[in-house]
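K.L.:
Sequence:
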Amino acid sequence: AVCNSSTTPCKDPADKLFTVHGLWPSNWNGSHPQNCTNKTMNSLTIGNLTAQLETIWPNVLNRNDHLGFWNRQWNKHGTCGAPTINDSLQYFRTVINMYITQKQNVSQILAKANIKPEGKNRTLVDIVTAIRSATNNKAPKLKCQKKAST
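Each residue of the sequence shown is one higher than the last, beginning at 1 in the UniProt record's numbering.
Hint data in this document are derived by calculation from the structure and do not stem from the laboratory.
Since the structure is predicted, the reported quantities are computational estimates derived from the model, not experimental observations.
Some hints could be false.
[What the hints assert, rightly or not] Simulated DEER-style distance windows between Cβ atoms:
(1) Q34 - N97: 15 to 25 Å
(2) R122 - P83: 36 to 46 Å
(3) T37 - D126: 34 to 44 Å
(4) V125 - T50: 20 to 30 Å
(5) Q90 - D126: 30 to 40 Å
(6) T123 - C36: 29 to 39 Å
(7) P83 - P117: 33 to 43 Å
(8) G22 - P83: 12 to 22 Å
(9) L49 - P140: 38 to 48 Å
C-beta: ideal position from N, C-alpha, C; glycine also.
Please work from the sequences and hints to get the whole structure.
P.N.:
In structure tokens:
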């Protein structure tokens with residue numbers, strides 16, 4: 001979706017899997033707070049998570065700047081996760097945990113329903129049904145994006 005909707009072209013073709021777009025804390029009213037504190041991301045502490053993050057949460061617009069991308073995500077969204085998320089390491093571990101451990105790997109979920117990122121149109125109902133059936137009836141929050149004009 002990012003590659004199709006951005007005026008900045010992706011630097012190389014995205015892998016054939018759905019990746020994390022972000023982890024955004026939200027308020028009870030559904031709004032998404034941003035830039036909540038001045039806590040900095042400790043790039044040394046996430047060093048051992050880099051390989052996993054590059055696979056599940058890559059910077060598709062610039063494959064040479066994953067760290068800068070993750071730092072911007074932490075500053076904009078992660079700093080708003082308190083008291084549940086206290087620091088950048090916990091923020092990135094939470095992303096990995098949700099994707100891998102908690103079986104919220106959307107690529108695997110949709111592949112089991114024969115929905116793969118191969119350029120075919122899919123109905124919203126098919127996508128929602130596949131995700132709900134694999135996540136104990138949790139409703140996904142989806143956002144459609146039109147392809148950017150070239």
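K.L.:
Looking back at the numbered hints, which does the structure fail to meet, lowest number first?
P.N.:
4 and 9
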